[in-house]
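Trainee: Once you've looked at the hints, dock chain B against the given chain A.
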Amino acid sequence: MDYKKPLDEIFDFLPPNIKRLLKNNIHLYSISAEEIRLRLNKPLIIIGSDSDYFVDSNGCFIHEIENAYLTTKEDIKNATEIIQNFSAYSFGEELKNGYITIPGGHRIGISGRTIVENGYIKSIKDIAFINYRIAKEIIGAADKAIDYIITPTSSIYNTLIISPPQCGKTTLLRDIVRQLSNGIKSKNIKGFKIGLVDERSEIAACFFGEPRNDVGIRTDVLDACPKSQGIFLLIRSMSPDIIATDEIGKAEDADALMEGANAGVKVIATMHGSDIEDLYKKIELKKLHSNYFERIIVLGRSEGVGTIEKIYDKEGKLLFKYLGQEV
Amino acid sequence: MLKGIGSLMIIISTSLLGILISSKYNIRLKEIRKLRFSLQMLETEIVYSSTPIPYACYNVGLKSDNIWKKFFMTVSENLTERKFYSMEEAWEQAIVSNLKDSSLKDIDKELLRSFGKILGKSDIEDQKKHFKLFYTQLEQHEKMAEEEKKNNEKMYKTMGFLLGAAILIILV
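As they're listed, the protein sequences go chains A and B.
For reference, each letter of the first sequence is one residue, going 0 to 326 in numbering that gives the first Met the number 0.
For reference, each letter of the second sequence is one residue, going 0 to 171 in numbering that gives the first Met the number 0.
So that you can see chain A by itself, here it is in the shape it has in the complex (with noise of 0.2 Å):
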């Protein structure tokens, strides 16, 4: 596996202050950061893949809070500006979410105080509280995977990824999305048509149309779509053979995935959770409770994040348990 993505993209849409502090830390690339936490008035937090740090005003990564630089209220001023490219008009829909997506396909998450509107988010004011969720595209991360996707007659299975946040969801899928795309020879696997519904811009980043992350050379990407209208526009359009999308949850995408089924396309779908449970206990999704999903794959982090934790088959059977045996 090869980290391949530089965090170039974060740094510009960092305020000065801790832009100063961050540019070329080699700490950063050390620790393998995970996330940039800006809270008002409290320690700046870098999270690496096993410790959390506070960082001093020399850019020295510490665990000591007593010399912790401390997030003012201008940086959270300057970087709700910036994530927001100075247009709070254009990111409305963006804000409701509560995140809002930069090239590379980085998510920053935002909180603070909500506008509510009959009931519904309207968008966030009072912006206090960041998030940088750095992406991390890792070319390989489904080689273990893709073997137990791939049908005996070289198709492949209707599978799910489950995990909690921060597990490698959508890198796992990513990858996936493109070595089945690509083809691999070496397993004698032909390339896949592949419609890929990027709802967040995350699985491809795509920057004015164009996808930044590498997904495959059969992919067709449609970015910043609702998932459940993308699936039948892609079905319709493109002629799919594999469906791939990120985070299914709602009702209507339950309804999408299986007018895919019906015209014979094949899925691929991430969802938030720990374990096979979870699927069955969202209402939400219960049309798709039954078998839908051939290969549910359950990742955690037992040995760093995007440890793949168990595979199951549709009935729930245990195929795979991490612990390095097969059952």
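Be aware that a few hints might be false.
In silico lysine-lysine, BS3-like type, Cα no more than 25 Å apart, as pairs [unchecked claim]:
1) K128/B to K33/B
2) K127/B to K95/A
3) K142/B to K121/A
4) K72/A to K116/B
5) K108/B to K142/B
6) K186/A to K309/A
7) K120/B to K124/A
8) K120/B to K76/A
9) K121/A to K120/B
10) K72/A to K120/B
11) K116/B to K121/A
12) K124/A to K142/B
These aren't lab readings, by the way, just hints derived from the structure by calculation.
Mentor: Structure of chain B alone, referenced to chain A:
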């Protein structure tokens, strides 16, 4: 003969001086009008295609001319190259660096400055209202400029000629 040429030159140069001074009023009026065109383009970019400010200003800059081209390009550059980290500062710097040689008065610049404080800060409906308000205010300035032009242009032109004539009378 020599006397004739000399006096003619005096008359011509003072008249030109008068025209030069009076043209300032005309230029101010033109600059205000062109600002309105540019801002109308900016409004379209914002309201109809929700283009973010750095790109919107760039597009407007491309289609504007003279000082407003420079002005909007500077705003765009200040933001995209992260020379400034807030809209207000980027806008302010563009005013300071690009409008010092213009014929705009301080009150015009002040109006523009105040607009920079709210540009991009709210949703589309709100931005629309701000634009509308700005046009109304700008119209006032335009009217004032027109009034001043009417009153002063002729006066300075006549004064220029008369000054020349006066010098001649004194000299001859």
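Trainee: Looking at the structure, which of the earlier hints fail to hold?
Mentor: 3 and 12
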